[in-house]
Each structure stands twice: as C-alpha cells, then as structure tokens.
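Assemble the complex: chain A is given as a structure, and chain B must be docked to it using the hints.
Chains as they are written, first to last, in the numbering used here: chain A, 1 to 167; chain B, 1001 to 1102.
Some hints here could point you the wrong way.
Stated by the list, open to error - Cβ-to-Cβ under 7 angstroms is the rule here; a few derived chain A residues that face chain B:
hint : residue
1    : Phe-13
2    : Gly-14
3    : Ser-19
4    : Pro-99
5    : Ala-101
6    : Ala-103
7    : Val-149
To be verified - Every beta carbon over 12 angstroms from chain A, so not counted as near; a handful from chain B, in silico:
hint : residue
8    : Arg-1087
9    : Leu-1099
10   : Leu-1100
Just so you know, these hints were derived from the structure itself, not from any lab. Cβ atoms here follow ideal geometry from the backbone N, Cα and C, with glycine treated the same way.
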Amino acid sequence: MNVTWEQAAFLAFGALTLSAALLVVFSRNLFHAALWLAATFTGVACIYVTLHAEFVAMSQMIVYVGAVAVLMLFAVFLTEDVVGQKSRRLRSAWVLALPVAVAVCAILLRWFSGYPWKPPVSDHATDTAGVIGIAFIQRYLFAFELTSVILLTALIGAILLAREEKA
Amino acid sequence: MIPTWWPVALSALLFGIGLFGLLSRRNAIAILMCIELMLNAANINLVAFSRAVTPQMLTGQVFAIFVMAIAAAEAAVGLAIVIALYRNRERIVVDEVDLLRW
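Chain A on its own, in the form it takes in the complex:
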C-alpha cells in the first residue's frame, strides 16, 4: 500500500491528537491537562490543513488555542491549587464510564466502517476563506447574525456570573 505524504501527515497528526486527548483525560495535574488540551487543538488544526480546510484551521488556532485553552488555564489558576493535587482525578463511577465510552466508540466505528462513503473530490474550492466569507454574508446571513447575538449574550452572561459581588 502506497502512503502519500498527505496520508502520512494525517496519520502522524491524528496519533498526536489522540495521545494528547488521552493525556487531557488522564493527567492528574489540571494545569497539565489544560496544556495538553492546547496540544490537542493544535493537532486538530493540523488535521484540518491535511483536509484542505485552511480557513477552519486558522480559526481553530485563533479561537481554540488562543482563546478557549487560555480561558481554561485562567480558570485553573483562579480555582485550583495547582501545586498540591491532593484530590482524586476520576470519580468512582469511571468503571461504568469506560464501557459506555468504549461501546459508543465501537458502535460509531462499526456504522462508519459499513457506510459507503463518497470519496473526496480533487476539484475542491481552493480559496476557502473567500468561499466561506461569501457563504456567511449570503446564504447563512441570518445564522451568522444570530451567532453574533449569541456571542454577545454569552459575553454579558459570563461577566454577570463571574463578577465579584460587592454588597
């Protein structure tokens, strides 16, 4: 079986993503978990590049690695004593969670392996940012505006919830 460079890159980044995700779930130190989360997001961005989704990859880097992972780090700093990890990391119910997760995973893989997937086409759009931008202001204009309203609501809600109450 001939593996092209593209496929080799996909396999390498996929392995990186999955191992980083496992470390997110299993690392005892929450600070390390947040850093591995940033690594997972970066791996997923590399996956997007191998799938010719350059604009989504850049958005992934900016939104997830730049904003969400840093937000997680801030929350860890604000709540947990990062140095002394005295508490257990997993609930006692993890023995139940493991078969559930493995079963869902197995069912998904089984369905996916039996499905006749359409092969990817070679004449895909190359100017991804342009095509997505035009789709945002034409076809999905309402959803786009609605998303901005949701983001504004989330912003105000987060400030209200996290604000120190002076009374």
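Relative to the frame of chain A, chain B by itself:
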C-alpha cells in the same frame, strides 16, 4: 488523497475519549475540557464531509465555524459558572455540588 473514513474514524475515537472524560472526571473544569474535545470531534466530521459532499460550496466548513463560535460561548459561560461556584463553595468537584439533588 485521504479517504473519507479516516477523519471519521479519528473523530469517533476522539469523541470516545471525550465521552469517557466527561463521565469520569471529578473536576468541573476538566469536564468542560472534555466537552471541548467532543465538539472538536464533531468539527472534524463536518470538515471531512465538506470535502466529500460539497467541495465547491464548503457547507461543512461553514458549519464548523458556527460550531466553533458556539463552543467558545459555551466555554466562557461554563467557566464563569465554575468560578462563581468556587467563590461560593470553595470546591469545584462535581460530586460535592449536589444542592439540587433529590
């Protein structure tokens, strides 16, 4: 050319890892991290399908951007709730926050 089922299988595995963490971690922030993992798995699927089904219109990629925006809003509100919880209870272990439990 990467076959379509590769990213789909990767996404299923990532979703499984996220689901296990979501069900088993005790810390609220770690649970939010696992939700982000699962949302990322969904996004990988959308991008993979966009490549196979709508390669010229990139509908899947547009949806991936929408999911990203909603995920960012979810993370902001979720972490604000966690911080408010920490301020009130000094603990953010989900087993111990059972005020509304019957």
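Hint by hint, here is what the structure shows:
1. At a threshold of 7 angstroms, the smallest CB-CB gap from Phe-13 of chain A to chain B is about 9 angstroms, leaving the interface hint violated.
2. Hint on Gly-14 of chain A holds. Least Cβ distance to chain B is approximately 5 angstroms, under the 7 angstroms limit.
3. A distance limit of 7 angstroms between C-beta atoms decides the matter here; for Ser-19 of chain A the minimum to chain B is near 10 angstroms, and the interface restraint is violated.
4. Annotation: interface hint on Pro-99 of chain A violated; nearest CB of chain B at approximately 10 angstroms, more than 7 angstroms.
5. About 4 angstroms separates the beta-carbon of Ala-101 of chain A from the nearest beta-carbon of chain B, less than 7 angstroms, and the hint is met.
6. This hint is violated: Ala-103 of chain A has a C-beta 9 angstroms from the nearest C-beta of chain B, more than the 7 angstroms allowed.
7. Among the interface hints, the one on Val-149 of chain A is violated; its C-beta lies about 10 angstroms from the nearest C-beta in chain B, farther than the 7 angstroms criterion.
8. Look at Arg-1087 of chain B: its CB is around 8 angstroms from the nearest CB on chain A, not clear of 12 angstroms, so calling it non-interface is violated.
9. Residue placement check: Leu-1099 of chain B keeps its beta carbon more than 12 angstroms from all beta carbons of chain A (closest about 16 angstroms).
10. At roughly 17 angstroms from the closest C-beta of chain A, the C-beta of Leu-1100 of chain B stays outside 12 angstroms, upholding its exclusion from the interface.
Of the numbered hints stated above, those contradicted by the structure are hints 1, 3, 4, 6, 7 and 8, listed in ascending order.
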